[in-house]
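Going letter by letter, the sequence shown gives residues 1 to 500 in my numbering.
Some hints could be false.
[As the list claims (entries may be wrong)] In silico SDA-like links for lysine to any residue, alpha-carbon gap of 20 Å or less:
id : residue 1 : residue 2
1  : Lys434    : His416
2  : Lys73     : Asp91
3  : Lys38     : Lys180
4  : Lys35     : Arg126
5  : Lys434    : Ser491
6  : Lys73     : Lys35
7  : Lys451    : Asp422
8  : Lys360    : Gln347
9  : Lys180    : Asp422
10 : Lys451    : Asp411
11 : Lys73     : Gly97
12 : Lys73     : Cys200
13 : Lys451    : Asp95
14 : Lys38     : Glu115
15 : Lys38     : Val146
16 : Lys38     : Asp124
17 : Lys434    : Asp422
18 : Lys35     : Asp91
19 : Lys451    : Val404
20 : Lys360    : Pro236
21 : Lys35     : Gln153
22 : Lys38     : Asp151
Because the hints were derived from the structure by calculation, they are not lab data.
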Amino acid sequence: MSTNVDVIVIGAGPVGTTALALLGRAGLTAIGLEKDEKMWPTARAVHFDGQTMRTLQGLGVADQFVGVTIPMKDVAVVNEADEVLVHAPTDRLGDQGWNEHISFHQPDIERLLREVVASSPGIDLRCGVTATEVRTTDDGVEVTAVDAHGDAQVLTARWAIASDGGRSATRHALGIETDKHGEDARWLVVDGDLVDAPGCDADMVQFARYSRPALWLRLPGTRVRMEFMLVPGDDPAEIVTPAAVERISRGILPTDRFTPDRQAVYTFRGRIAQRWRAGNVFLAGDAAHQAPPLFGQGLCAGIRDVANLVWKMDLVARGAADATLLDTYESERKPHAQYWVETAAQQAEIIQTLDPEVAKGRDEFVRAHPEASAVPPSPALGPGLHDGDRDERAGRLGIQPILVDGTRLDDMVGNHFLVAVDRELYAELATAVKLALDDDADIVTLTDPLKIEQILSAAGARAVVMRPDHYILGVGDTAAEAERIIAGIPSIAHAATSTV
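Using the sequences provided together with the hints, build the complete structure.
Here it is as structure tokens:
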């Protein structure tokens, strides 16, 4: 028996579930295949940024996500002698309209995402079902799905998104290799509840100790996480015991105050898939890239992947854009993800050194340049559907203003292209361009300065066109420039081609 849908999503962790939710919001049909019958009960990711929260906002359930997350109020870097090399406040709204550092317990986030998926018409998440074979065809994909009883079914779709993790069976089956970045390192990750104990003063602390690098994170409620790098001489069986955790945490996690629900050794690695696409199968999340968790960008990067991909699939599926639009997924996302993998790998080398002399030099540098330890700004996209090759302001993430009544602008714009243009410049646009904007249901045009002044000011332009994933398509200061950028909106370009 064969079932035909727009998209099959393989793997329903937070990235795959977000993909399903975005597909449902776009009105596409999809089946999600998740090999585990029940949702993973413990945390893996614990941090996302303002851009990720903005994507979740677009699902219409921001208040629910706020209820299970906490803004990270401050971060610190501490050396071997417990000297605070850096302390920085982080509890402020960023230009995405949300805090830039947000902590959570992953099962809470996944539960909310699955509720969104369950309420989305045309979306079917099947748990306890494994994708055992993925085949590309001339016009789509075929996926063999086997349930917990061993019953097999062949599913067909136009596209597949493989978000089945760092060990992605789909990636291996497609013969896609990965490139290594940085050195692998084994770390003990400990999650649990800390009660009637102070923990650390800052919400996140990087312990840059040459005897044993470590990390502390405060999570919602009484939950905390600590991560410890394994060093020569460690006994993997002993290091996970409560007594060992109290010892290597230097008393931060005392056995009588800390109740763990996970103690596991992981290998932190930097990897990038050499190809992110095979026919109509697209890799996303850890299947496409893995980074050491120094900047907390792993989950963020995966959600950026599907946020980039789904709106393009939507336009192509509706015939509002040519299928070549999907070629821009890898070209845009791979360099962006690679930047974070390489940057995290470089930071890991600095933080994870076990050489006292190297650590001494690092400490001296950080004291003199505390700004060097800050999270770097997000890079531009790689080449694709934007004007970044001619104007460096394009291809970068646009801002989300919060209006005077407290409304976040995306709640008005929705899943559309935004044309923000000052009134005087709009008046200069050709009548045919204005009519095209008015007639295109994929575009929202705003000229009210109370809504768009911050966007225009941030870009330093009189006109800004922003994509559904909030990246800037292009900017302009003249009517001719604005008209050229508008003509590059896929639905506008496709309509013009169709009428020729």
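Hints and how they fare:
no. : hint             : in the structure
1   : Lys434 to His416 : holds (17 Å)
2   : Lys73 to Asp91   : holds (4 Å)
3   : Lys38 to Lys180  : violated (32 Å)
4   : Lys35 to Arg126  : holds (9 Å)
5   : Lys434 to Ser491 : holds (14 Å)
6   : Lys73 to Lys35   : violated (37 Å)
7   : Lys451 to Asp422 : holds (11 Å)
8   : Lys360 to Gln347 : holds (16 Å)
9   : Lys180 to Asp422 : violated (47 Å)
10  : Lys451 to Asp411 : holds (12 Å)
11  : Lys73 to Gly97   : holds (16 Å)
12  : Lys73 to Cys200  : holds (12 Å)
13  : Lys451 to Asp95  : holds (14 Å)
14  : Lys38 to Glu115  : holds (14 Å)
15  : Lys38 to Val146  : holds (16 Å)
16  : Lys38 to Asp124  : holds (15 Å)
17  : Lys434 to Asp422 : holds (14 Å)
18  : Lys35 to Asp91   : violated (38 Å)
19  : Lys451 to Val404 : holds (9 Å)
20  : Lys360 to Pro236 : violated (29 Å)
21  : Lys35 to Gln153  : holds (14 Å)
22  : Lys38 to Asp151  : holds (19 Å)
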